[in-house]
Amino acid sequence: GAGVSQTPSNKVTEKGKYVELRCDPISGHTALYWYRQSLGQGPEFLIYFQGTGAADDSGLPNDRFFAVRPEGSVSTLKIQRTERGDSAVYLCASSSLGRGNSPLHFGNGTRLTVT
Amino acid sequence: SQQGEEDPQALSIQEGENATMNCSYKTSINNLQWYRQNSGRGLVHLILIRSNEREKHSGRLRVTLDTSKKSSSLLITASRAADTASYFCAMYNTDKLIFGTGTRLQVFP
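For the protein sequence lines, the chains are A and B, in the order given. For the first sequence, the numbering used here begins at 1 and goes up steadily by one. For the second sequence, the numbering used here begins at 1 and goes up steadily by one.
Worth flagging that the hints you see were computed from the coordinates, not collected in a lab. This one's a predicted model, so the numbers in the text were calculated from it and none came from an experiment. A portion of the hints provided could be inaccurate.
SDA-like cross-link-like pairs, simulated, lysine to any residue; straight-line CA separation at most 25 Å [claimed, not checked]: (1) K70(B) with G40(A); (2) K11(A) with L61(B); (3) K70(B) with R64(A); (4) K70(B) with G40(B); (5) K26(B) with S58(A); (6) K56(B) with K15(A); (7) K17(A) with L97(A); (8) K11(A) with N38(B); (9) K17(A) with R64(A); (10) K78(A) with S86(B); (11) K70(B) with K15(A); (12) K15(A) with G40(B); (13) K26(B) with P103(A); (14) K69(B) with P103(A); (15) K69(B) with E44(A); (16) K56(B) with G40(B); (17) K70(B) with S102(A); (18) K70(B) with K78(A); (19) K11(A) with L75(B); (20) K11(A) with T27(B); (21) K26(B) with K78(A); (22) K56(B) with P103(A); (23) K70(B) with K17(A); (24) K26(B) with S38(A); (25) K78(A) with S58(A); (26) K69(B) with N101(A); (27) K78(A) with S51(B); (28) K70(B) with T27(B); (29) K26(B) with K17(A); (30) K26(B) with K11(A); (31) K70(B) with K11(A); (32) K69(B) with Q41(A).
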């Protein structure tokens, strides 16, 4: 595709529910990143994939958060037993080289609201 | 965690003036990048400066890097109302990009 696509653009869920957020990176980009951004803050790193494997998941806040990229393209961020503190914009980005050596291309994010 | 802090947090200027934003970081870096974010949208890459570079230009943008002081600055010359956005520095740390806290720039016509 022309850019990074994230779906849904908005998600409202009740506390305790399970949610999945999807990211379609730019075709051919091997590196894929997930970030979380709260209002007025910079993006907070969650996890980085190089191909199918999670190269660095040190930013995932706890074991309720999990992400997969089974075929090395589309990625899904999964949040179990959502809490109100999980409310934020979840951003996905991809790059051609990874390892921070090339610019990241961001999607427009999924705004998650937990009520 | 965020390893970069930006100064000022907010900046308001008139069209035609220059805008300068500063970024300080804590660890050694391979490169430093600047991104722009319009309200409600994803981030857009502006410029990348490597650790062995001191200055880089792109159109009306000028970025400097001082690795001894662990700081960088972004200068936007002859600003336009369309430059209104949040600007973030990001440091490449091992294998991930860590973002700063951002500067909100408002350019009045």
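Each hint, compared with the structure:
{"no.": "1", "hint": "K70(B) with G40(A)", "verdict": "holds (24 Å)"}
{"no.": "2", "hint": "K11(A) with L61(B)", "verdict": "violated (36 Å)"}
{"no.": "3", "hint": "K70(B) with R64(A)", "verdict": "violated (35 Å)"}
{"no.": "4", "hint": "K70(B) with G40(B)", "verdict": "violated (30 Å)"}
{"no.": "5", "hint": "K26(B) with S58(A)", "verdict": "holds (18 Å)"}
{"no.": "6", "hint": "K56(B) with K15(A)", "verdict": "violated (47 Å)"}
{"no.": "7", "hint": "K17(A) with L97(A)", "verdict": "violated (36 Å)"}
{"no.": "8", "hint": "K11(A) with N38(B)", "verdict": "holds (21 Å)"}
{"no.": "9", "hint": "K17(A) with R64(A)", "verdict": "holds (11 Å)"}
{"no.": "10", "hint": "K78(A) with S86(B)", "verdict": "violated (28 Å)"}
{"no.": "11", "hint": "K70(B) with K15(A)", "verdict": "violated (42 Å)"}
{"no.": "12", "hint": "K15(A) with G40(B)", "verdict": "holds (24 Å)"}
{"no.": "13", "hint": "K26(B) with P103(A)", "verdict": "holds (21 Å)"}
{"no.": "14", "hint": "K69(B) with P103(A)", "verdict": "holds (24 Å)"}
{"no.": "15", "hint": "K69(B) with E44(A)", "verdict": "holds (24 Å)"}
{"no.": "16", "hint": "K56(B) with G40(B)", "verdict": "violated (28 Å)"}
{"no.": "17", "hint": "K70(B) with S102(A)", "verdict": "holds (21 Å)"}
{"no.": "18", "hint": "K70(B) with K78(A)", "verdict": "violated (36 Å)"}
{"no.": "19", "hint": "K11(A) with L75(B)", "verdict": "violated (37 Å)"}
{"no.": "20", "hint": "K11(A) with T27(B)", "verdict": "violated (36 Å)"}
{"no.": "21", "hint": "K26(B) with K78(A)", "verdict": "violated (31 Å)"}
{"no.": "22", "hint": "K56(B) with P103(A)", "verdict": "holds (15 Å)"}
{"no.": "23", "hint": "K70(B) with K17(A)", "verdict": "violated (43 Å)"}
{"no.": "24", "hint": "K26(B) with S38(A)", "verdict": "holds (22 Å)"}
{"no.": "25", "hint": "K78(A) with S58(A)", "verdict": "holds (16 Å)"}
{"no.": "26", "hint": "K69(B) with N101(A)", "verdict": "holds (22 Å)"}
{"no.": "27", "hint": "K78(A) with S51(B)", "verdict": "violated (36 Å)"}
{"no.": "28", "hint": "K70(B) with T27(B)", "verdict": "holds (8 Å)"}
{"no.": "29", "hint": "K26(B) with K17(A)", "verdict": "violated (38 Å)"}
{"no.": "30", "hint": "K26(B) with K11(A)", "verdict": "violated (35 Å)"}
{"no.": "31", "hint": "K70(B) with K11(A)", "verdict": "violated (39 Å)"}
{"no.": "32", "hint": "K69(B) with Q41(A)", "verdict": "holds (24 Å)"}
Of the numbered hints listed earlier, those contradicted by the structure are 2, 3, 4, 6, 7, 10, 11, 16, 18, 19, 20, 21, 23, 27, 29, 30 and 31.
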